[in-house]
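*Asks:* So the protein sequences, as listed, match chains D and B. The numbering of the first sequence is our numbering, which starts it at 1 and goes up by one. The numbering of the second sequence is our numbering, which starts it at 1 and goes up by one.
Check before you lean on any hint, since a few could be wrong.
Here are some chain D residues the structure puts well away from chain B; computed CB gaps all over 12 Å [as the list claims (entries may be wrong)]: (1) T191; (2) P219; (3) W229; (4) A239; (5) A257; (6) M262.
Short derived list, chain B residues pointing at chain D, Cβ under 7 Å [to be verified]: (7) Y74; (8) G88; (9) Y97; (10) V99; (11) S405.
Simulated from the structure, these hints should not be mistaken for laboratory data. Think of the CB as a built atom: it goes at the ideal place given N, C-alpha and C, for glycine as much as any other residue.
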Amino acid sequence: MTALTGAAYWLPLICAVIVGFAVAMYIVLDGFDLGIGILFPFFPREVDRDQMMNSVAPFWDGNETWLVLGGTGLFVTFPHAYAVVMPALYVPLIAMLLALVFRGVAFEFRWVAKPHHAMWDIAFSAGSIVAALCQGFMLGGLLGGTRVEQGHFAGGPFDWLTPFALLCGLGLVVGYALLGATWLVMKTSGTLERRARRSAHLLLVGVLGFIVLVSVWTPLEFARIGARWFSWPNMLYLAPVPLATAFFAVACWRGLASSRLMFSPFYSAMALFILAYVGLVISIMPYLVPPSITIWDAAAAQSSQRFVLIGMAILVPFVLGYTVFVYYTFRGKVRADEGYH
Amino acid sequence: MNAVLLARLQFAFTISVHIIFPAFTIGLSAFIATLLILWQRTGRDHFHRLARFWTKIFAVSFAMGVVSGIPMSYEFGSNWSRFSEVAGNVIGPLIGYEVLTAFFLEATFLGVLLFGWTRTPPWLQATAAVLIAVGTAMSAFWILSANSWMQTPAGHVMRDGIAYPVDWLAIIFNPSFPYRLAHMLTAAYLTTSLVVLAVGARYLLAGAFQEEARTMMRMGVGMLAVLGPVQLLLGDQHGLNTLQHQPAKIAAIEAHWRNTGPMELVLFALPDEHARENRAALAIPHLGSLIITHDWNGRVPSLADFALDAQPRVTVVFFAFRIMVGIGLVLIAIGLTGAVLWRRGRLFASRWYLRAAGWAWPLGFIAILAGWLTTENGRQPYVIYGIMRTHDATSPLAAGTVAASLAAFVLVYGVVFSIGIYYMRKLIRHGPQGAAVAAATLPHALPNLPLASARDSTRESRAEPPVI
Chain D
1 MTALTGAAYW
11 LPLICAVIVG
21 FAVAMYIVLD
31 GFDLGIGILF
41 PFFPREVDRD
51 QMMNSVAPFW
61 DGNETWLVLG
71 GTGLFVTFPH
81 AYAVVMPALY
91 VPLIAMLLAL
101 VFRGVAFEFR
111 WVAKPHHAMW
121 DIAFSAGSIV
131 AALCQGFMLG
141 GLLGGTRVEQ
151 GHFAGGPFDW
161 LTPFALLCGL
171 GLVVGYALLG
181 ATWLVMKTSG
191 TLERRARRSA
201 HLLLVGVLGF
211 IVLVSVWTPL
221 EFARIGARWF
231 SWPNMLYLAP
241 VPLATAFFAV
251 ACWRGLASSR
261 LMFSPFYSAM
271 ALFILAYVGL
281 VISIMPYLVP
291 PSITIWDAAA
301 AQSSQRFVLI
311 GMAILVPFVL
321 GYTVFVYYTF
331 RGKVRADEGY
341 H
Chain B
1 MNAVLLARLQ
11 FAFTISVHII
21 FPAFTIGLSA
31 FIATLLILWQ
41 RTGRDHFHRL
51 ARFWTKIFAV
61 SFAMGVVSGI
71 PMSYEFGSNW
81 SRFSEVAGNV
91 IGPLIGYEVL
101 TAFFLEATFL
111 GVLLFGWTRT
121 PPWLQATAAV
131 LIAVGTAMSA
141 FWILSANSWM
151 QTPAGHVMRD
161 GIAYPVDWLA
171 IIFNPSFPYR
181 LAHMLTAAYL
191 TTSLVVLAVG
201 ARYLLAGAFQ
211 EEARTMMRMG
221 VGMLAVLGPV
231 QLLLGDQHGL
241 NTLQHQPAKI
251 AAIEAHWRNT
261 GPMELVLFAL
271 PDEHARENRA
281 ALAIPHLGSL
291 IITHDWNGRV
301 PSLADFALDA
311 QPRVTVVFFA
321 FRIMVGIGLV
331 LIAIGLTGAV
341 LWRRGRLFAS
351 RWYLRAAGWA
361 WPLGFIAILA
371 GWLTTENGRQ
381 PYVIYGIMRT
391 HDATSPLAAG
401 TVAASLAAFV
411 LVYGVVFSIG
421 IYYMRKLIRH
431 GPQGAAVAAA
441 TLPHALPNLP
451 LASARDSTRE
461 SRAEPPVI
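My request is simple: use the sequences and hints to build the entire structure.
*Replies:* Here is the structure:
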């Protein structure tokens, strides 16, 4: 690689950080409301489901918008990577989008359909599970490598389908369920909260199992990733990632065990997610499409990246500001009798 | 079928379904914001009831707009990856700005509008509605800028087959953009006004929700009477702009095969693409020239003036354009007739007018779809006019893959959105809560709507918290 200097080096890096930020926001925010859907089969009572839905209803749409920012962010700042990744992950991508249709409309349809809403409970739950699975498949498929010839995707429609991708899919379902369960601990009360705590304990064990599996599997399967983590002095620099993971796992467990701590399980689960995400970024960098396209290969014209970055510098703080405002407006526990709009 | 045609069909299908919902919610959010502001200022309860009523319908429509819109933002890459590489530098940022200035604003404040009735002060509720209305219009601004750039590209240079931005203002405000934006926003407001008018008319016919219905009738008629004629002028100006930048599109719209003299206005014909002439034509001499060039003897380039591989097919644009204009004229008639009746004090009593208005609700949606079919098909065979051909723009996918995803979209959208529209009708049939005149007689008086079960309505009114 020829040495890149100045804006040619920094602009793509800054853009990658911002797209990565949007994806991280999506994972933790939509993660908990997808998690609510994943948990639906284990909470069959209508009154519980009403509360679960009410706890996320004011937020889900804003949460899902981060997915649009992630996708368009990739299109805007790295059109070449976008044009390779989307055809390569076509099947799980389309399946995810269709699954999101079912669960998204369920938020409104379920209330209008009552008392004939059983179909939308299923749509909400199945849609959430399939969307989470597909996101894991896409992650696994991306890590597994994409066949690129002359700058275009050159593989088949099911190249992404590997045992590793299946592992990632299941891991994400369990992970989102943990986010959802700890969210319920924070936002609900009574029996629903107690049941959420019990579920979250089990899910935490599952999530840690998946984190260990992926952490062992990736360096063994991909030599490049093994060298990244297990060479000196990288091991020293990267040691905080597994250590912090262990810390937040303990914090989450203890928060769930105490009946008074409402917030720490959710925040710890979010921290676990962010750490796992940081770990993945460390494994992948500097590639956007492993093993061939780096962030510098895929970068849009400098003028385009600059134009968008200016907008983001001004607008993203506003977005974050009013997002916080809405979360604050709907703070506290959801009451069982609280009606829909 | 080849992969290109399948990808085009998929885009046409997904965007056509999608546009129905934003076209409705752009106007509806503005309507709800107006109602909430009126309620703040006057304190009259029926404004509040109307706002809550339409907010429920808005919520269902908006959810469908969101979930049908997310696939669009990925479809550029999944089905049109080579287009994304060529145009990404230029139109990518426009879509990025749409997300940042519009999507987050709408999606976040939607939560306040839908769930804030008991949690937030009324002024915040009204502010949320205004912000959502602004957000929907901002969204239209950016996406129409991107679309217009594909119609009339400007402000860029081509290097190695890739478009690079030179002047962002020239890109955003490309030559057809101001006309397209004004035309589409007006169309969205007209479409919603017509739905509001139709619902008001149906309530009046049924003798239910009198006060609310009268407000809806007045607001609907007022908007139609003003914006209908405005839209005619905007469309005319848009046509002049198209003649200047995409003359082949105009020639196809008018089925103008040969430039042998002043253009006639073809009212009806069966365009024969093979023989390249019109059959069964009904045409008015000179009128085409007058409309398109504002000159009785003006000359308009014909299809014969363009290479065969640089002009669109005629049939779709010819008919779609006539459907759009025909509906536009009907809307103006509905608006002006309503205004005359209103002036004479007979707006709420003229049952023939109420019946006609009650049936007119889908016209705006049909006109919007017809208009988009005209302009998008009229751009063919290019995806970026004069720069990139549609058949060079698709992803390297097998036809079978695209066919399978198209089938999945048709199936899912067909089921989910049909049910959604049925639910919106259910909400409309149920009517505003807490109105002085209840809906007891309504189901029987609206024969064309599915019957409401009495159990449903009693259960729902119990489930509703009382209106403040």
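*Asks:* Beyond 12 Å from chain B, beta-carbon-wise, is A257 of chain D?
*Replies:* holds (32 Å)
*Asks:* Hey, does P219 of chain D actually stay past 12 Å from chain B on C-beta?
*Replies:* holds (30 Å)
*Asks:* Against chain D, run the beta carbon of Y74 of chain B and see if the smallest gap drops under 7 Å.
*Replies:* holds (5 Å)
*Asks:* Per the stated criterion, does the least C-beta distance between T191 of chain D and chain B lie above 12 Å, as a non-interface residue requires?
*Replies:* holds (22 Å)
*Asks:* Do the numbers back the hint for V99 of chain B, that is, is its least Cβ distance to chain D under 7 Å?
*Replies:* Nearest chain D Cβ about 5 Å off; hint holds.
*Asks:* For A239 of chain D, is the shortest beta carbon distance to chain B beyond 12 Å?
*Replies:* At roughly 37 Å from the nearest Cβ of chain B, A239 of chain D sits farther out than 12 Å, so the non-interface label holds.
*Asks:* Does the claim that M262 of chain D lies off the interface hold, with its Cβ farther than 12 Å from every Cβ of chain B?
*Replies:* holds (20 Å)
*Asks:* Minimum Cβ distance from S405 of chain B to chain D below 7 Å?
*Replies:* With Cβ-Cβ at 5 Å, under 7 Å, it holds.
*Asks:* Against chain B, does W229 of chain D hold up as non-interface, every C-beta pair farther apart than 12 Å?
*Replies:* Holds, since 31 Å exceeds 12 Å.
*Asks:* Restraint: G88 of chain B near chain D, CB-CB cut 7 Å. Satisfied or not?
*Replies:* holds (3 Å)
*Asks:* Quick check on the hint: Y97 of chain B CB to chain D CB, less than 7 Å?
*Replies:* holds (6 Å)
The structure fails none of the hints (numbered hints given earlier).
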